[in-house]
Amino acid sequence: MSTVRRAPWVDPLGAVLLTIGAFGWLTLPLVLFKANRILPGVPHTLAEVLPTSFVVAVYATLATTAYVALRVASPRVRLATALLAIAVIAVAVAAAASALTPPGNRVVRVAPGGAFWLLLLALGLLATDAIARLRPGPLLRVGWLVAFFAAVIGALHTGFFDDLSILREHAVNAARFADEVRRHLWLALGSLLAALLLAWPLGLVCHRLPRLQGAVLGTLNFVQTIPSIALFGILMAPLAALAAAWPWLAGLGVSGIGAAPAAVALFLYSLLPLVANTVVGLSRVSSAAVDAARGMGMTSLQVLRAIELPLALPALLAGIRIVLVQNIGLVTIAALIGGGGLGTFVFQGIGQTAMDLVLLGALPTVALAFAAAVVLDALADLTRRVPR
Amino acid sequence: MITLERLTKRYEATTAVDDVSMIVEPHTITTVVGTSGSGKSTLLRMINRLVEPTSGRVLIDGIDTATEPAHLLRRRIGYAIQGLGLFPHRTVAENIATVPRLLGWDAARVRRRVDELLAAFELDPARYADVYPHELSGGEQQRVGVARALAAEPNLLLMDEPFGALDPILRGKAQDDLLDIQRRFGTTIILVTHDIDEAFRLGHRVAVMSGGRLLQHDRPARLVTHPADPFVSQLVGATERALRLLALTPAHEIARPGVVEGPTLPGTATLRELLDALVWSGAAAANVADGAGAADRHVTLGAVLAHGRRAGE
Numbered sequence: 016m017s018t019v020r021r022a023p024w025v026d027p028l029g030a031v032l033l034t035i036g037a038f039g040w041l042t043l044p045l046v047l048f049k050a051n052r053i054l055p056g057v058p059h060t061l062a063e064v065l066p067t068s069f070v071v072a073v074y075a076t077l078a079t080t081a082y083v084a085l086r087v088a089s090p091r092v093r094l095a096t097a098l099l100a101i102a103v104i105a106v107a108v109a110a111a112a113s114a115l116t117p118p119g120n121r122v123v124r125v126a127p128g129g130a131f132w133l134l135l136l137a138l139g140l141l142a143t144d145a146i147a148r149l150r151p152g153p154l155l156r157v158g159w160l161v162a163f164f165a166a167v168i169g170a171l172h173t174g175f176f177d178d179l180s181i182l183r184e185h186a187v188n189a190a191r192f193a194d195e196v197r198r199h200l201w202l203a204l205g206s207l208l209a210a211l212l213l214a215w216p217l218g219l220v221c222h223r224l225p226r227l228q229g230a231v232l233g234t235l236n237f238v239q240t241i242p243s244i245a246l247f248g249i250l251m252a253p254l255a256a257l258a259a260a261w262p263w264l265a266g267l268g269v270s271g272i273g274a275a276p277a278a279v280a281l282f283l284y285s286l287l288p289l290v291a292n293t294v295v296g297l298s299r300v301s302s303a304a305v306d307a308a309r310g311m312g313m314t315s316l317q318v319l320r321a322i323e324l325p326l327a328l329p330a331l332l333a334g335i336r337i338v339l340v341q342n343i344g345l346v347t348i349a350a351l352i353g354g355g356g357l358g359t360f361v362f363q364g365i366g367q368t369a370m371d372l373v374l375l376g377a378l379p380t381v382a383l384a385f386a387a388a389v390v391l392d393a394l395a396d397l398t399r400r401v402p403r
Numbered sequence: 443m444i445t446l447e448r449l450t451k452r453y454e455a456t457t458a459v460d461d462v463s464m465i466v467e468p469h470t471i472t473t474v475v476g477t478s479g480s481g482k483s484t485l486l487r488m489i490n491r492l493v494e495p496t497s498g499r500v501l502i503d504g505i506d507t508a509t510e511p512a513h514l515l516r517r518r519i520g521y522a523i524q525g526l527g528l529f530p531h532r533t534v535a536e537n538i539a540t541v542p543r544l545l546g547w548d549a550a551r552v553r554r555r556v557d558e559l560l561a562a563f564e565l566d567p568a569r570y571a572d573v574y575p576h577e578l579s580g581g582e583q584q585r586v587g588v589a590r591a592l593a594a595e596p597n598l599l600l601m602d603e604p605f606g607a608l609d610p611i612l613r614g615k616a617q618d619d620l621l622d623i624q625r626r627f628g629t630t631i632i633l634v635t636h637d638i639d640e641a642f643r644l645g646h647r648v649a650v651m652s653g654g655r656l657l658q659h660d661r662p663a664r665l666v667t668h669p670a671d672p673f674v675s676q677l678v679g680a681t682e683r684a685l686r687l688l689a690l691t692p693a694h695e696i697a698r699p700g701v702v703e704g705p706t707l708p709g710t711a712t713l714r715e716l717l718d719a720l721v722w723s724g725a726a727a728a729n730v731a732d733g734a735g736a737a738d739r740h741v742t743l744g745a746v747l748a749h750g751r752r753a754g755e
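Quick mapping for you: the protein sequence lines, in order, are chains G and D. In case it helps, my numbering puts the first sequence at residues 16 to 403. In case it helps, my numbering puts the second sequence at residues 443 to 755.
These are calculated hints, taken from the structure and not from any lab test. The structure presented is a predicted model; accordingly, all values stated were derived computationally and were not measured. Some hints here could point you the wrong way.
Stated by the list, open to error - These stretches of chain D come out as covered by chain G in the derived footprint (C-beta under 8 angstroms, 3 or more residues): (1) 511-517; (2) 527-539.
What the hints assert, rightly or not - If you want the footprint, here are the derived chain G segments under chain D, 3+ residues with CB under 8 angstroms: (3) 269-283; (4) 296-304; (5) 309-317.
To be verified - Over the 10 angstroms line for every Cβ pair with chain G, so calculated as not near, a few chain D residues: (6) M443; (7) N490; (8) L492; (9) L612; (10) T667.
Just so you know, even glycine gets a beta-carbon here, dropped at the ideal spot from N, CA and C.
Kindly produce the complete structure, drawing on both the sequences and the hints.
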């Protein structure tokens with residue numbers, strides 16, 4: 016009796032992620048030791064710094080994860096394994112940092128190396144793919160986000176990770192860090208809210224008067240093509256002139272550099288996605304429904320409130336999502352003209368060639384943008400009662 | 443009574459509706475038939491002022507509609523359109539409750555009326571009240587659309603190609619339902635269609651429009667026997683005039699007492715259906731049932747032919 020042997024099933028995404036992780040693990044260092052914060056790092060392997068039992072546990076976890084990524088289909092198992100592996104490599108790197116740092120020494124820096132970042136990328140993708148395969152509802156997705164952030168912040172507060180370079184930089188800048196996060200959010204959200212007040216009415220007018228649409232969207236499109244740094248530069252002169260001409264404006268914080276030009280630029284960049292999404296959202300509302308609503312005796316305002324806005328809401332929220340994610344990223348650049356925000360650390364870090372300081376600015380920015388995207392996607396799903 | 447007085451609508455270079463005058467008797471169905479671009483929809487939309495006339499007036503029971511704010515006028519007039527325009531984000535009950543809520547009815551009265559209408563359209567309130575339109579079949583959506591238009595008990599119902607999206611079988615059912623509803627509520631209905639068969643089947647009176655002008659407005663039989671315009675004869679169909687005429691007459695109208703050898707038709711059958719049964723069976727006469735379903739009268743082939751003969755009249 017002959018048996019037909021079929022090639023074993025292999026998860027294609029798992030194979031790609033395994034390649035990325037294995038490449039990082041085999042070719043790049045897991046931890047870098049620097050005698051001070053601006054010197055290039057000296058790579059170390061785990062075996063050099065950690066007890067054998069610990070190293071074996073890490074290898075075992077990674078091997079299991081590789082197997083699960085390739086051969087196990089259950090998304091629950093894949094998710095649990097990926098999260099466990101992330102925790103294990105984070106603990107390993109932190110333990111290595113504590114082992115490499117002489118007691119009481121505040122000058123040396125131990126940073127996660129390329130292998131850590133590539134593994135984190137591969138494991139993060141494995142986890143998000145598993146979550147996507149579970150098809151969680153919008154509320155559950157936000158629940159996952161909150162749980163993940165709570166776990167990360169909780170872990171950082173235990174003090175176990177304090178010897179890692181990024182947390183060292185954070186400890187030095189702790190007071191400023193909280194301020195800059197607040198300022199970052201304030202700039203991103205404030206400019207969004209201000210833009211909404213103009214963009215929604217403008218989008219409505221464009222929808223009602225199609226002749227205006229080309230001119231308005233064309234102008235906003237042009238604004239969008241100006242590089243952000245150039246726009247900051249362009250705004251400096253008029254804002255400085257305004258502040259000089261009317262001192263009370265200067266008293267309100269208007270000046271050529273600082274938060275004012277940053278807020279104005281973010282406001283301008285916000286307009287196009289918001290107006291365009293408003294126009295698209297309103298134009299997709301079934302014209303039969305609008306005709307029926309008018310024919311049954313709704314006033315224009317009632318049609319807008321009861322029919323057009325509720326049906327356009329998912330598109331309006333999609334506009335907010337685009338702008339919020341875009342603004343959280345753009346605020347980083349505002350630091351160049353003294354606008355503040357997390358970009359301050361990025362540019363300081365670049366100036367001092369201190370990569371850990373750059374990461375202190377960059378990682379929270381990415382996390383904020385990611386959280387904003389998840390929350391607004393969930394909101395859009397919740398408001399979409401009609402199937403697409 | 444609805445009176446259209448010299449209604450005209452011009453858009454820059456084109457005239458959509460050109461000097462149309464017409465009187466619609468209460469408690470009747472008037473169908474407006476024409477090709478696309480004939481101005482029939484514009485005419486309809488001028489009655490509830492979704493389109494404001496360039497000149498001319500619409501009088502409802504002698505009162506000029508222009509004297510009332512347009513949105514208040516529309517709440518008194520039922521309106522159903524092709525594609526229905528059901529609100530996709532509102533449940534069936536909320537859709538039907540639209541006009542009653544605009545009129546400020548209290549919640550209990552709205553609920554009662556919604557249940558009453560759902561039942562009248564053979565939609566079980568317990569099952570259908572709280573579902574969304576996309577969960578309904580095409581025929582169910584269509585019934586909800588008409589129920590919504592009738593929600594505030596309007597005396598006048600305007601319908602613009604209301605059955606245009608239905609397949610032929612659902613369409614026939616929807617037409618029967620509409621005739622039934624009209625008899626029950628006595629609503630005056632003005633219905634726009636491009637389908638001449640639908641216009642003949644539903645209309646007590648048929649208005650034929652072409653190029654913005656009203657060519658003829660009369661009883662369906664008169665359109666067949668006395669077309670006022672070559673376009674009307676073409677629309678009615680020169681090769682099936684007699685059959686159309688027979689389709690307009692119920693068989694029981696010319697039936698004689700006595701039962702004969704031959705097929706038996708239901709009491710609702712038209713002469714056209716009776717002729718079809720005679721040709722099919724080869725019989726010389728057919729019986730017509732009474733209300734209870736028992737055959738008591740008959741119609742002969744000769745009587746059918748005599749009824750359809752109009753040439754030389």
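Query raised in the report: Checked against the structure, which of the hints given earlier come out wrong?
Result: Result: hints 3, 7 and 8 break, sorted rising.
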